[in-house]
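There are 2 protein chains.
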Amino acid sequence: MADKIFRVNMSDLTSSIEEVPADWQGLGGRGLTSTIVAKEVPPTCHPLGKHNKLVFAPGLLSGTPAASSGRLSAGCKSPLTGTIKESNAGGTAAQILARMGVKALIIEGQPNGDEFYGLRITKSAVTIEKESDLVGKGNFTVVEALMAKYGHGVGILTIGQAGERRMSAANISVRDPEGKLRSLGRGGLGALMGSKKIKYVAIDPEGDLPKIALADVDKFRAANKVFGKALVDHPVSGEALPTFGTAGLINVINGVGGLPTRNFRYGQFDAHDKISGETIKETIEARGGKSKHGCHPGCLIQCSQVYNDKDGNYLTSGFEYESIWAMGANCCIDDLDQLAQADHIMDDIGIDTIETAVTVAVAMEAGVIPFGDGEGMLSLLGEIRDGTPLGHIIGNGAAVTGRTFGITRVPVVKNQGIPAYDPRSIKGIGITYCTSTMGADHTSGYTIATNVLKVGGFVDPLKKEGQVELSRNLQIATAAIDSTGLCLFIAFPVLDIPEALTAVVDMINACFGIKLTADDVTALGKKILKTERAFNVAAGFTNQDDRLPEFFREETVPPHNAIWDFTDEEIDAFWDF
Amino acid sequence: MADKIFRVNMSDLTSSIEEVPADWQGLGGRGLTSTIVAKEVPPTCHPLGKHNKLVFAPGLLSGTPAASSGRLSAGCKSPLTGTIKESNAGGTAAQILARMGVKALIIEGQPNGDEFYGLRITKSAVTIEKESDLVGKGNFTVVEALMAKYGHGVGILTIGQAGERRMSAANISVRDPEGKLRSLGRGGLGALMGSKKIKYVAIDPEGDLPKIALADVDKFRAANKVFGKALVDHPVSGEALPTFGTAGLINVINGVGGLPTRNFRYGQFDAHDKISGETIKETIEARGGKSKHGCHPGCLIQCSQVYNDKDGNYLTSGFEYESIWAMGANCCIDDLDQLAQADHIMDDIGIDTIETAVTVAVAMEAGVIPFGDGEGMLSLLGEIRDGTPLGHIIGNGAAVTGRTFGITRVPVVKNQGIPAYDPRSIKGIGITYCTSTMGADHTSGYTIATNVLKVGGFVDPLKKEGQVELSRNLQIATAAIDSTGLCLFIAFPVLDIPEALTAVVDMINACFGIKLTADDVTALGKKILKTERAFNVAAGFTNQDDRLPEFFREETVPPHNAIWDFTDEEIDAFWDF
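Respectively, the protein sequence lines represent chains A and B.
Just so you know, our numbering puts 484 at position 437 of the first sequence, and the rest follows in order with no gaps.
Just so you know, our numbering puts 551 at position 504 of the second sequence, and the rest follows in order with no gaps.
Because the hints were derived from the structure by calculation, they are not lab data.
One should not assume that every hint holds.
No distinction is drawn between identical chains; accordingly, a pair holds when it is met within one copy or between any pair of copies.
With a straight-line cut-off of 30 Å between C-alpha atoms, the simulated BS3-like cross-links for lysine-lysine are [to be verified]:
no.	residue 1	residue 2
1	Lys321	Lys196
2	Lys97	Lys511
3	Lys574	Lys357
4	Lys510	Lys97
5	Lys328	Lys510
6	Lys196	Lys337
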C-alpha cells in the first residue's frame, strides 16, 4: 500500500518522509496531484520560482495487477499555461513508486546557483547528489547511465536539454520497460524540473519489491478478469489500437475532415496515406520493428510500437497519432522517416512533440522555414538542443513563437498548442479545448470517441447540439480515470460495456476494502475539476480565457466549410454542474 | 475647431470623413482615444488582428496658443499588454491635425498581403498609396524623405523596422520641429501600425493653416498668461527641467535610493555621476549641443536637448531620464556616449527605449550578454534592426524575453517593463505600476512628484500610508491632463499653484465657450479611468493582474532595505471611487 509522502526541499537539499494526511488517503494520480497543488502552491506564483511544486503520484491502482494501470501523474502550476496542470504517462515509474509505498513525491523549493542535482529515491530515503556528467546530455544517455549505475529495474524520470534550459514546452521523460522513453508531455513540466535543478530522479527498488497488499484478492482478480475481457473485446482498445496504434486515426480523422493541415487551414491532408497508421504498420513490419508494444508492464492494449529505420535499426517508439499529425499534416511534411527521426530527437532533448510541432507550423507561418520543409524542422530541433535564440523561441511553444514573430494565426488556448482535431469540424473537442483546466488538451475530454468513433453513442461532430454536455461528461470521467493509474484508453470499453465500469469500481474497492459506487467516481471527477478550476480562478483566469483564437470564428475549414460558432454563454455553461 | 473624424479602413483601402458624434464632442486626447477604443474595439480581439484600431487624437487645447499644449494621443488595444492603451508624445502632428480640423484619425482593418502603404492626410482627404522605397528603412530616413516630398511643414507619424516586424516594444515616431523624433513610446503601438501595413502617415497642411477659432479670445489669452507664468515660476517646470532636462532626476532618485540598478537589485548606481543630468549638461555645452529644447512649438518648459558626439555632430535628442536610467543604471552601463548612441538607434529603428533597455537587462540576467556591456547592448539593437531571432526576442519586450530564457527576475506589470523608480523604496509609484490601466507606467500617476520632489505636499516614499490615495488622485488628474494636449509636466505647477489649475479650466472654457469647473475635470478623469478599466475587465484582466512580480515582495532593496509590502486588499482599494 502506497502510504507515504516523500517530500524533497531543493532550497536546502533536505527531504522527509511523511504520513499521508487523512484527506489525501482516498486519492491517487491526478486527484492527488491536483489536491496537493491546490493546497500547497500559491496560484499566482511564478511557475519557475521557488513557490511552485512538482508533484508525482502513481494512480490508485498503479502497482496492482489491474490491467493497463501503470500511469504516473505529475502535477504543478504549468510553466506553459500558468494554470494548474496534471500530465500522465506510462513507463515503469508509477508501479515501482507504488510498490515502494510512495503515494506522492513532492519536490519543492529551488537551490541557488547553476549546479544540477540527481535524486535517488529508495523505500526509506531520498538522496540528493550533485550531477555534472549528465548535464547537457539527452534523455537516452541519462537512461543508459542510470541503468548502468542502478540496474535494469530502476525507474527513471529525466529531463533533456530543453528542461535544463527551462523551456516551457519541455517535458519529463519516464523510462519504459525496454529502457526507451514515455513522456509527461504537455504543460512544460520539464521546465519546472529544470528550474528546481533536477536532472533526473532515479527510483531504485533495490531488488524485488513486495506486491501491493489487496484487501480482497479474490474479488480483485474476478473484477480484473472482467475488465481485461472488456479491454480486448472492444473494437477500439482490443482491435484498432493494437493493430495500427493511435496513428490509425490519421485516415479516420482525415476522412471526417478534422485533420488540421498547414497550420489549421484545411481539414484534410493530401498526403495522409503516406503518414497513416496503415503505412506505419507496413513499414514497421517490413523493417523488423514491433507493431505492438506496451508502454508499461501489464498493458493489454499495446498501442505503442517500435519503428526502425531503413537499415532495421531502432529509430523511435511511442510514435503517436498526435505527434505524427502535428509534424506531418500540420507542417505539410509527408516523409515518415523524417517524422520518426524528429520524434526521436524530441524524446532525446525532452520536449513535447505536440507543442513543438504546432510551434514549428507557427514558425512556418512566420516564414522562418517553408511549410513542408522536413530538414528545416530537424534543424529547428537542433537549435532547441543547442539553446540558440531561435531554439529558445521554438522551445517555449506556439504562443511565445507567435508573439515573438508577430503572428496572429496561432492555434492555442491558454498558451497551449491546440492538438490534432480541428474544433470547427469536430465541435465537441473544441469545447474541451476551451474549458479544460489545462489549456488546449484533447485528453482531458476526448470527444473524438463519441463525435467520430461512435463510442458511448454518437454526437454529430458538425453540430453544436450536445457537445457541451458530451465534453462535460467526458472531462468528469477523465478526471476520475486519471486518478486510478489506468490508461485513458480504458474509456472506450467503459463507455460501451457496462461491466467494464463496474469492474473498475470493484477493483478499487477490492484493493482498499472500501465501498465506492459509480456515483462516487463521478463525484470524484467533479470535485477534481472544481478544485482545478478554483486554482485557475485564483490565479487570475476568467471565462475570457476559455476561448478559441479569433481565426477559428472567422475562417471556415474545408471540406465541410465548418466554423466555430459557439457563443460565450454556450461555452461558459460547461461549468454549470 | 477640430470637428471631423477621419476614418481609414486598411482592409479595403478606403477612407471617410465623418461628423463627430455628439457624445465625443467634449473629448480630446486620451479621453477621446479611450472612448473610441472602448466603443469600437472588441476587448478580446487579437491586438495585431483586423479588429484592433489605431486612434490618433490631438488634445482639447492642441493647436491653440495654450502653452505646452502640443501633445498627440494614440490609443488602441496594446500589442504589448493586451490592455487598453493611450500613449502621448510631442512633435508637430497634434497641432497640425487640430488646425486641419481632425478631431481623431481612426485606422481600422488590415490589408492582405505583405505590401506596405503610406497615408497622406490633408484637410479634405486621405490618400493611401503603396510604399516600397521606405520599407526596411529607419525613421530618420522616412522623415527626410517625407520632408523632401511634402515640405518642412509636414507632420509625420512613422514606424521603423521594429514596427514593420510587429515587435511589441515598437513605438510610433512623431516628427519634432527640427525634423528629429519624439515617440509614442510605450505599449507597442508601432507593432499595431505595422500590422496595418502602414509605414507612415504624412499630415500635409498644404501651406498655412487657419488658427483655431476661440470662443472667447480675451479670456483665453488672460488664462494662458497666468498659466504660462505658473509654468515658469514653478521650481520644477521653470527651473529644474529646463536646466538639466528630465535626466536631472538621476542624482535625485539615486539619492533617495530608488534608482533601480542591475535589473532592480539595488536602489543606487555607483556611477550615477557619469550619467547624471549635470554631466549631460556639461557635456552638451562643451560639444556645442543644446541643453534646452522644446518637443513641440509653444513649449515653455524646454526639457529636451540636443546631444552631440565628441566631434560636435548630432547624436540624439529627447535624451530622457527614463531611457538613461534603463540603459545606464539598470544595465550597469556608465558610458554616456554609448547610451546616447543607443538612444539614437532606438529612435531610428522605432522601439521604446524604456521597454527595450529593461529587456536588455533581462537578457543580461539570462546571460545573453554581461551586465555593463555597452557594446553588447548596441549589438542587440542591431539584431532588432536586422530582425534576427534574438532581435525578435528582445524586440518583444521584457516579459517575452524573460519567458523565452526561463528567467523569473522579470520586472513587468501586465507584460510592460517597470520604469525608472523602484516601487519598494518609492511606494506610491508601485501602486501606480500595479493599478495603471496600461501596465507598469510611471506617467499614468507620477507619485514621484509628491513622494520625492515634494510637489503637491509630501507622502513619505518608504511608508505605505497615503500611497493608494496619492496614486489614485494623480491617475485621475493625469487622465484629464492627457485629454487636453497639455504636457504632463504642467502637473507640477497645477499641484502647487492654485491659479494654474483655474487657468487650464479657463482656457478650455474660453476655447469652446463652455463652463466646466475643476470638479468636471476630476469627473472626466474618473470617467476615463473607469472606461479603461471596464475594457480591461472585459478583456479578461482581474485584480490578480494588478500585482508586482514576486521578487519585489521577497527581496529587499538597498540602501533602505525596503520591500513591497502592500496586501492585495490595499492595492485593490485603489478602485474604490
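Where does the structure disagree with the numbered hints, that is, which hint numbers, in rising order? Hints 1, 3 and 5 contradicted; others consistent.
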